[in-house]
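Enquirer: Next come the chains, spelled out residue by residue.
2 protein chains.
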Amino acid sequence: MPDASTPSTPSPTELSEDELRALDAHWRASNYLAVGQIYLMANPLLTEPLRPEHIKPRLLGHWGTSPGLNLVHTHLNRVVKARDLDAICVWGPGHGGPAVLANSWIEGSYTETYPDVTRDEPGMARLFRQFSFPGGVPSHVAPETPGSIHEGGELGYSLSHAYGAALDNPGLLVACVIGDGEAETGPLAASWHGNKFLDPVHDGAVLPILHLNGYKIANPTVLARLPQDELDELLRGYGHEPIHVTGDDPMAVHREMAAALDTALDRIAAFQAAARGWDSDAGGAARPRWPVIVLRTPKGWTGPREVDGLPVEGTWRAHQVPLAEVRDNPDHLRQLEEWLRSYRPAELFDDSGRPRAQVLECVPAGERRLGANPHANGGLLLRDLPLPPLDRFAVPVDTPGGALHEPTRVLGEMLEQVMADTEGRRDFRIVGPDETASNRLQAVYEASGKAWQAEVLKVDENLDRHGRVMEILSEHTCQGWLEGYLLTGRHGLFSCYEAFVHIVDSMVNQHIKWLRTTRRLPWRRPVASLNYLLTSHVWRQDHNGFSHQDPGFIDHVLNKAPEVVRVYLPPDTNTLLSVADHVLSSRDYVNVVVAGKQPSFDWLTMDAARAHCARGAGLWEWAGTEDVRRGPDVVLACAGDVPTLEILAAAQLLRHHLPQLGVRVVNVVDLARLLPKDEHPHGMSDAEYDALFTPDKPVIFAYHGYPWLIHRLAYRREGHVNLHVRGYKEIGTTTTPFDMVLRNDLDRYRLVMDVIDRVPGLGVTAAAVRQRMDEVRLRHHEWIREHGTDLPEVADWSWQG
Amino acid sequence: MPDASTPSTPSPTELSEDELRALDAHWRASNYLAVGQIYLMANPLLTEPLRPEHIKPRLLGHWGTSPGLNLVHTHLNRVVKARDLDAICVWGPGHGGPAVLANSWIEGSYTETYPDVTRDEPGMARLFRQFSFPGGVPSHVAPETPGSIHEGGELGYSLSHAYGAALDNPGLLVACVIGDGEAETGPLAASWHGNKFLDPVHDGAVLPILHLNGYKIANPTVLARLPQDELDELLRGYGHEPIHVTGDDPMAVHREMAAALDTALDRIAAFQAAARGWDSDAGGAARPRWPVIVLRTPKGWTGPREVDGLPVEGTWRAHQVPLAEVRDNPDHLRQLEEWLRSYRPAELFDDSGRPRAQVLECVPAGERRLGANPHANGGLLLRDLPLPPLDRFAVPVDTPGGALHEPTRVLGEMLEQVMADTEGRRDFRIVGPDETASNRLQAVYEASGKAWQAEVLKVDENLDRHGRVMEILSEHTCQGWLEGYLLTGRHGLFSCYEAFVHIVDSMVNQHIKWLRTTRRLPWRRPVASLNYLLTSHVWRQDHNGFSHQDPGFIDHVLNKAPEVVRVYLPPDTNTLLSVADHVLSSRDYVNVVVAGKQPSFDWLTMDAARAHCARGAGLWEWAGTEDVRRGPDVVLACAGDVPTLEILAAAQLLRHHLPQLGVRVVNVVDLARLLPKDEHPHGMSDAEYDALFTPDKPVIFAYHGYPWLIHRLAYRREGHVNLHVRGYKEIGTTTTPFDMVLRNDLDRYRLVMDVIDRVPGLGVTAAAVRQRMDEVRLRHHEWIREHGTDLPEVADWSWQG
Ligand SMILES: Cc1ncc(C[n+]2csc(CCOP(=O)(O)OP(=O)(O)O)c2C)c(N)n1
Ligand SMILES: Cc1ncc(C[n+]2csc(CCOP(=O)(O)OP(=O)(O)O)c2C)c(N)n1
Ligand SMILES: [Mg+2]
Ligand SMILES: [Mg+2]
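Here the protein sequences come in this chain order: A and B. Residues in the first sequence are numbered consecutively from -6, following the working numbering. Residues in the second sequence are numbered consecutively from -6, following the working numbering.
Okay, chain A solo, but in the shape it has when bound:
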């Protein structure tokens, strides 16, 4: 491999005048169509003079970014066609929907996807009218947009999506337009370092195109106002070699842009050839300095220069709709007509509204078109994940609570097998913020190391140029990588501390919205679910305390589209295996799995675990004392590993102290089971719910997270008035495990007291038991302050059956 930082690149070919004119025609056509979408609901080809009634009553959309996106699209078309590239593009400023829609319509992928929007005048009229119009299409590069894996509504995620798409797609080029405003966001700023994890052998290439149009909404951008040498230092510091394209003269910019793309692609090809020829396992290959294109063109380029005496083109005023009163202000109407005619539509479209040959000259064919590349509809490429038989990893359970295992450690062994079985296919990855080992999944390293392109020292472990475990201390980047990977048709898992997954609250929102929408689009094929393993959870933050305690991600996702969201709380090792098996084979969901990493009791055999997880919620008969003829006096319900332990310990105390009491123990794995049937696909019917929880007996529910969530799920049930929930009440610090549950009133002694307080008639007769429970709690308080550990009767507790 030659010195990776200065590859020898052939000097790019000069464009002929014809090519140049054809590119410009394509660009003008896409600009025309972008403006048309924002403004017109009739007269699409301007066959008659523009009149107010041709104009939409509400002008909604973003013009400013569109000419830049169109320029990039035009030039990507050229190189894709010339080089027969397999390429997709992630459009960071996704508010430039009109641009991407325009291009899809021109290349024909739009009409193939939506046959009613034909590539002729009626279709153009429809394209214009539907944009940002009731019953029409969204203003952004949404799931509805062919060729997109990225909405760009919430800015910041384009580059990490692009890296995710490129991973394990060695033949793919992922271009990525980054807005200079978007570049200010944290997620984007972090994601530049994706190149430290990109394997030039097994991964494709990412080509960032930083679009310095100078402005965000109403302000200049930080990067656009850096002196150029400072910007270059920054980009080099990010590990890139900048290639600049600057200007406002279209022909000059076309020439520069074509040359820049040729240079960039030649370099990428050279880097890849070098890396792939080389035995890179021998180590020491320098990380390439991948190219980045810096495109500096005016915001709202080719739009109105001035409106009402104020400058617009090249300023922040071009961001949305430059001419705002077209229907009422004849001057604006005239300006709009001039603007549209400046693109010379008659040269671009024939009389029936079809794009002319010159416009189509740069457009590639078939699946090479950016709007038709199957990678952007990843379900087309998705294969089932090979999942090993669970029994190979199941822990033996002779008697409930007879042994202890660390659930995530055992899961790690199963994931190791999945990693091994996808060695050749390379379609499974695990991401995490440097917590894979901390979360005890380290067995996976036996099958795949951690992706790492930098220097490796002797003390390092499991680093691997070709690894498929990805660890960067950025939850945003982990999430973005995984989303990009899944949306292009692969599989994965994100393991994260429970509290800090809130960092990606907003990202998962967008992904859920994406999935909810794609489920309604028949042409979008299902993709693998986004799977979270949340561990190092609220109850076991022994090292870290209060700042690391937050079980609210569950609440957050359960606010979102029920057809997409699933939440699982496996109480032990075998149930975790069963849940993992299920979520890894599911499609189009966001699955949240909360599980423990600390040694905890095994309750269910593998078969029982499978059945229990399939039910989602069920009786644990062996743990209760109910008289089958009478039914229970009280239901002890639990969800989560620690609450399950406390409920079982409470059940045991009750069995001992109040043997005549009929206790039923119910465990809930699948939280959505608690919802009414018509509110969530997993919801129980009222009959099922009443049978399990009773309509009229006290239910003491020990829950892993914020207790009111259970009320929010179950408030419609008849038995809701008898439901008493214990959970995390936002009380925490660095303390012992049992002190955490005790401080939050989730401990076994408190649960027994709850039973006594709530079962009619028990208050008086069980007063002595209640007092004894209270005494243990007081004893605990003194003991831990003296010894720093939990009471022996708690620490050494075991299930006695």
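Worth double-checking, as some hints may not be accurate.
Copies of the same chain are indistinguishable here, so a pair counts whether it falls within one copy or spans any two.
Said to hold, decoys possible - Here are the simulated lysine-lysine pairs, DSS-like style, with alpha carbons at most 30 Å apart: (1) Lys722 x Lys670; (2) Lys451 x Lys670; (3) Lys670 x Lys690; (4) Lys189 x Lys690; (5) Lys451 x Lys722; (6) Lys451 x Lys189; (7) Lys690 x Lys722.
Just so you know, these hints were derived from the structure itself, not from any lab.
Assemble chain B with the ligands onto chain A, guided by the hints.
Expert: Just chain B with the ligands now, kept in the frame of chain A:
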């Protein structure tokens, strides 16, 4: 001003041997105390050989980062004392609690804050024992830690906190240690650009110290493995001039670190002198290239080199507790004793455990000590914000719904006055992700421009080197700046699109936790509340659609400590003014205010608004039709501007179509009023609730956000079974405003149907009315698809009284 990028700096003085030895003694002492905290619960001075019973039973804490933090603290002490600096330090790797606690104890600020932890042997024993121990102190640089404004539990926010602290504190130096792991996070990566907003005239200085100890938890870090020239390019690209300190020989590193700090501080002083001497309003002054110190020392430096045959010092294995089995493994015990004795404690502490004179030599006095600087306990410095009389901004309301205003625009005028009235004091800032004008607060620019240190072009507006409005397209940075600003005793407001405030879910978690804890610490003085103005809300995303629709931040914060969290939904302009006045004068809260920016009806006069907001929830008698003797047949409740409009329109329809029906209209401004009294300080008693909502009549509640939140707040109320809530059901796209409410069943027609369905007896008699409502909804559907605007009867609706 000399060329800002190459200031002439005096060459730093060489340390004398005595100084050097004293610095090293201080460093050794703090290292000794850090190790002691992690391991020991007795025998603090090692007066006897170490035995297992001296060791804590649970070893919890982070050693790896501690020697680095200690080194920085030692050297900051020296320069603070030598230069009489007013300085604080933000410790990014806040998991290094033992280090910061050790230093506070040495300098005496700890004992002043916690008199029981004396600066002698018994105090040292207590310091050790309490660390990460039940009933003791957290393992992190928590609110309990003197001198801290930053916990560092969730990594990523140190540098934005540091900038926030430096703003408007021209005399302050804010040092900021950034972990090389932390530097990978998005929020940290974005926050480097804070220097583009730092005014060298009115703001203090931020000195970032990038701590390249090479590792995060189990992996090397990206920045530590960059070739040095690439790292330098990155830091220069961030606008900094790097100063390197590298080594593992303590004496050499002390020399280098002292010189580096002197160089950095000299440069800072020169930049500030130049800027402050210069008429910088004349423009054109170059932005200084502020120094950054790159400290490259081993992780776990001075700790065990090897444990059980594996390398530890200088590796990831040093992250937490290097020797894990000290109680049970005699080898580990011996190693620990050697390690502790390697610091030569007898040289550092006298027989009674007091630090010797040499150790204390570098320590500054009084409020100059990092643990005693009042800026780190900002409430000490806080002044009341001057708030103008609201009547000056109030909109006149002759009759409810008689006129329209844009609430946030009017609020902007009030904020303009606050900006103007703090012109000299400079203790109020507004932050936002380039949405101040989009959110219609632009009047504030009349009183203060937008902070901006880069080039200003002719087309730019309101940019100002000395501005106090801060706009960067990073919600994380906005939040971090504001937190740092508030915690150092100033005031502010964060205005944000409602959906995208989820980006800072995790940050606000940490801030709420911080406030919850400080409220229990008598020595921490109250600080100004963190105020959110959320606008461009879910119901009015005309330009953007589904990706911009999410009202869940309210749910998120209402999961947190009730003593800290407040949520307000003012329904019109005057109520928004009243709420703003209240939140801006409050302390120690996180206030979430959701308000509209679109023209909306004025319902209440200023006096009525004040009274209504003080009540938090109340009857709008003028809107109802209830017979005072009979009470209402149905309650129409609402919270939020759009739901209020729909409820009033429904009330008007009912008045017209079903005049005999007794309708009560209730508006809720302060959402926590719905909670039981014992669950939130603002909660209503059951008597109040029943009086307002009735215990037995149907309540149709139109709510701004996710409907189940209202159930979660009110499920304990007697009338809960009759409560029927409408709200946002995660259905949205780019469409008309009324189509949004209709799609989510929150529209006036649906509400009337809800009333008919729920008031006993109405179903049959009002069947015709119900059908008419349904017909309008159908008509709407067709109308918007044809016209693109709402039905005239909706668009032109007004309240008829
Ligand atoms: C995270 C986030 N914050 C705020 C916004 C609101 N917003 C929409 S567009 C925009 C400016 C985008 O600027 P840039 O990335 O430069 O795109 P362009 O100039 O090409 O339109 C902003 C701030 C957003 N979409 N996402
Ligand atoms: C946002 C976030 N993600 C994950 C963690 C878990 N975590 C705790 S410490 C740590 C490594 C920190 O590395 P660095 O910043 O280099 O600190 P140091 O090496 O000085 O300990 C990680 C990943 C965290 N605290 N915050
Ligand atoms: Mg821009
Ligand atoms: Mg580190």
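Enquirer: Work down the list of hints and note, for each, if the structure agrees.
Expert: A quick look at each hint next to the structure:
| no. | hint | verdict |
| --- | --- | --- |
| 1 | Lys722 x Lys670 | both (28 Å within a copy, 16 Å between copies) |
| 2 | Lys451 x Lys670 | neither (57 Å within a copy, 61 Å between copies) |
| 3 | Lys670 x Lys690 | both (22 Å within a copy, 27 Å between copies) |
| 4 | Lys189 x Lys690 | neither (59 Å within a copy, 63 Å between copies) |
| 5 | Lys451 x Lys722 | neither (46 Å within a copy, 54 Å between copies) |
| 6 | Lys451 x Lys189 | within (19 Å within a copy, 40 Å between copies) |
| 7 | Lys690 x Lys722 | within (25 Å within a copy, 32 Å between copies) |
Comparing the model with each numbered hint stated earlier shows that hints 2, 4, 5 do not hold.
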